[in-house]
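With the hints as your guide, set chain B onto chain A.
If you're matching them up, the sequences are chains A and B in order.
Residue 23 in this note's numbering sits at position 23 of the first sequence, and the numbers go up by one each step.
Residue 333 in this note's numbering sits at position 333 of the second sequence, and the numbers go up by one each step.
Everything labelled a hint here was simulated from the structure, so no lab data went into it.
Please note that a few of the clues may not be correct.
Chain copies aren't distinguished; within one or between two, either way the pair holds.
No farther apart than 20 Å at their CA atoms in a straight line, the calculated lysine to aspartate or glutamate pairs in the DMTMM-like style are these [unchecked claim]:
1. LYS143 x ASP320
2. LYS257 x GLU344
3. LYS152 x ASP342
4. LYS329 x GLU27
5. LYS356 x GLU106
6. LYS233 x ASP198
7. LYS92 x GLU106
8. LYS152 x ASP293
9. LYS30 x GLU335
10. LYS380 x ASP293
11. LYS375 x GLU424
12. LYS30 x ASP289
13. LYS152 x GLU24
14. LYS31 x GLU116
15. LYS121 x ASP71
16. LYS143 x GLU409
17. LYS356 x GLU409
18. LYS174 x ASP293
In this text, all values refer to a predicted model and were calculated from it rather than measured experimentally.
Number of protein chains: 2
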Amino acid sequence: MKITGIALLGVGVVGGGTYQILTEKREFIKKHQNVDLQVVRVLEKNVARAKSLGIDENIVTQNIDNIVNDDSVKIVAEFMGGVEPARTFLLKCLAAGKSVVTANKEMLSKHWHELEAEAKKSGAGLYFEASCVGGVPIIRTLKNSLQGDTIKSITGIVNGTTNFILTKMSDEGKDYDEVLKEAQALGYAEANPVADVDGFDAMYKLSILSSLAFRTKVPLTAIDRKGISSITKEDIAFGKDLGYTLKLLAIAKNTEKGICAKVQPTFIPNSHPLASIKGSFNAVFLVGDYVGDIMLYGRGAGALPTGSAIVSDIVFAAKDKKPSYTSFKNTDKAERGVKFIDDENGFYIHLTVKDKIGVLAKITKTLSSKGISLKSVFQKSADEELVPLILITHKTTSKLLSKAMEEVEKFDEVVKVNNIICVE
Amino acid sequence: MKITGIALLGVGVVGGGTYQILTEKREFIKKHQNVDLQVVRVLEKNVARAKSLGIDENIVTQNIDNIVNDDSVKIVAEFMGGVEPARTFLLKCLAAGKSVVTANKEMLSKHWHELEAEAKKSGAGLYFEASCVGGVPIIRTLKNSLQGDTIKSITGIVNGTTNFILTKMSDEGKDYDEVLKEAQALGYAEANPVADVDGFDAMYKLSILSSLAFRTKVPLTAIDRKGISSITKEDIAFGKDLGYTLKLLAIAKNTEKGICAKVQPTFIPNSHPLASIKGSFNAVFLVGDYVGDIMLYGRGAGALPTGSAIVSDIVFAAKDKKPSYTSFKNTDKAERGVKFIDDENGFYIHLTVKDKIGVLAKITKTLSSKGISLKSVFQKSADEELVPLILITHKTTSKLLSKAMEEVEKFDEVVKVNNIICVE
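Chain A with its partners taken away, still in its complex shape:
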């Protein structure tokens, strides 16, 4: 059997996991997939790290051109992270006709169009199963299944760090800062956690997933993004009392009026399949016009789960004689004629109010004057002057809500607007 030469750009956590799988399962893959995959080049500054994985130092290089110009390399798997130099390196590889496999959601969501254009020119393939939800085959599902369905919505828990933090806050009644520190100590959160906790990582993934799902480009600029750092244990507890679980959701809806895409902390009913996704697990929930509701669930990160997806793509690339590309105009902007909208949803409003008769009536009236009605109200009676008041509204737009809240905030009885959180 002819050997298919693989180059790995970086052998850190996921690159190392990938090397491990390709080595341990070379015979297994040969037997069942009829392709013989061999790592023939590794781009890595840390030669000691490469050697510790059992990689022959003669195949380790620090110069991308040694890979680009090596005809034995047919597939390049990238694990560098960040935009540069990953983008430049992969463009070179694609131009040389080498298929590319990547887990790099930031670079992909920002430069997919460029990479795809280059791939098309040379006939190379571009594969990115590992960019979203680790080993769960969500990209393959969106590309090679559900071909007759119009996907109406995609809702995902696509970031393990924030789901770990929110689950722990909810289960243990702890505050955000405390749990973040624990997550950092356990290696579930980075020292600089911004990419995760502020929703950037989820935004990159949503752009990729929703573009495939809706078969039109959903650029990063079209996505409303909000992180979880303003969430308190009190908010989570009040939501719980009312039957809701808080998740950082990546949501995209394909409606008749346009596409709505957002990443934000969101309360969902406890009965929703996504409410039971705990800890660092991820899940993507899709609604198709024929298939109805489907959900894919699994580990969103880690050396081996992500490595599993990379290896799946490498096998796919090795067997895929005629790579397919996106069916939409893949540019850096939205396609002409596609509208992006602010969709309606419910809102959780957490106020601190003076415990006076009539305060609820006053607020209700103001909301009502903007067409906003309430689904639930929860007022904790206490022998204190200041009490929390929790309102859950029926569906409305954030614009209408902002207008109403401008007035509510001015009331003497309203001491503080503690938080406003989306409810789906």
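The following block gives chain B in isolation, referenced to the frame of chain A:
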């Protein structure tokens, strides 16, 4: 664009749904998949039914040879159900080089090897995404993803009828017979419910899924099958008290000692992702050596969800220039050297005992003498002479348990062994 001619064998519920999708989405599929699918032949006795779907009666035939000999037919989708004449018809179509798409799990699990052999001869494709878990892409996942993973186990709720019945028994505290009648009235269960409630349907699906997952044939004869008709509302309630949910599970494990495959009512902890799969929904839970736990969830039946999977396969078949077949020796028996075993698991034992001091000690001693230890004991105190006694054992084999139970049954204090149910 060249038209790809499709023939539908039967336009009942799912065949009708498929016709609807292919018609409604012809342009959509053309645009995004670059194939133009047209139904050019329909095999259907009930011409009035075909006409009511908008099918031109000139393309309706009652003779399979009119399809086999029609060169414009490239893909045949079968909706007849049962083994014959579906098997004979599809063998003819494959021999004529037409790719086959089917949802027929009974025929496929019994004659997959024959169909695949015929397909290989002519180079035709054989696709069956719709045979298991409706529109959820579980077959595609097992065939085109996770190529580097050794799947350790597959656990599925793959029959909507029984999951509907068990969910309703659990939520409403009703007895089996009552809920079965309701399910029949609602169309969730057939007038003759045997195929569903006795686990045949789940067994067919498990044979297909586990063969693909373990990359070796798991024939029907290797699967231990038990249905749900002996389950009482009391069993479900006792299980609930101890933190368990009852599901009809299709389970296959790939262990060092051999493969264990079974369909049976099973208690799982409430925290297990499958415990929250309610009503007629289905889900398949996989454990891979690298990917870890993943789960796919969705509607397992219905005209449009199943039609969605059929259309997905038709598109796939139309684009798939070089069909792939199973990587294992697909015969009607297990491959040589593959062992099938009876795996260990916990057991729920529901006894009716005389409320005397020492009865528990006596039973515990007998179980212990066979090496069986208890995880939980639940004895309902009542002012009655006869009381229920619930035992949950640690892992053991059904063989050891049977031996112990032979002795336990003989005790004067043990009036009845009400039920024994698997616990995972």
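Hints and how they fare:
Taking CA atoms no more than 20 Å apart as the test, LYS143 paired with ASP320 passes in both settings, with 14 Å inside one copy and 14 Å between copies. Proximity of LYS257 and GLU344 under a CA criterion of 20 Å is satisfied intra-copy only: 12 Å inside one chain copy versus 55 Å between copies. In this homomeric assembly, LYS152 and ASP342 come within 20 Å of each other (Cα to Cα) only inside a single copy, at 16 Å, whereas the closest approach across copies is 45 Å. With identical chains, the CA atoms of LYS329 and GLU27 are at most 20 Å apart between copies only, with a shortest distance of 17 Å across copies and 40 Å within one.
For a Cα distance limit of 20 Å, the shortest separation of LYS356 from GLU106 qualifies neither inside one copy, at 50 Å, nor across copies, at 69 Å. For the homomeric pair LYS233 and ASP198, the shortest alpha-carbon distance inside one copy (18 Å) is at most 20 Å, but the shortest distance between copies (48 Å) is not. With identical chains, the CA atoms of LYS92 and GLU106 are at most 20 Å apart within one copy only, with a shortest distance of 18 Å there and 51 Å across copies. In this assembly of identical chains, LYS152 and ASP293 lie within 20 Å of each other by CA distance solely inside one copy; the values are 10 Å within and 27 Å between copies.
For a Cα distance limit of 20 Å, the shortest separation of LYS30 from GLU335 across copies, 19 Å, qualifies, whereas the shortest one inside one copy, 42 Å, does not. In the homo-oligomer, the alpha carbons of LYS380 and ASP293 never lie at most 20 Å apart, since the shortest distance is 37 Å inside one protomer and 41 Å across protomers. Taking the shortest alpha-carbon separations for LYS375 and GLU424, only the intra-copy value of 12 Å comes in at or below 20 Å, while the best inter-copy value is 40 Å. Taking the closest pair of Cα atoms, LYS30 and ASP289 come within 20 Å of each other only across two copies (18 Å); inside a single copy the shortest separation is 39 Å, beyond that limit.
In this assembly of identical chains, LYS152 and GLU24 lie within 20 Å of each other by CA distance solely across copies; the values are 16 Å between and 41 Å within a copy. Proximity of LYS31 and GLU116 under a CA criterion of 20 Å is satisfied inter-copy only: 19 Å between copies versus 31 Å inside one chain copy. Proximity of LYS121 to ASP71 under the C-alpha cut-off of 20 Å is restricted to the intra-copy arrangement: shortest distance 18 Å within a copy versus 36 Å between copies. Taking the shortest Cα distances, LYS143 and GLU409 never come within 20 Å of each other, neither inside one copy (47 Å) nor across copies (57 Å).
For the identical chains of this complex, LYS356 and GLU409 are intra-copy neighbours only, at 16 Å inside a copy versus 69 Å across copies, given an alpha-carbon limit of 20 Å. When the C-alpha separation of LYS174 and ASP293 is checked against a cutoff of 20 Å, the pair qualifies neither within a copy, at 33 Å, nor between copies, at 28 Å.
In summary, the structure is inconsistent with hints 5, 10, 16, 18 from the numbered list given earlier, while agreeing with the others.
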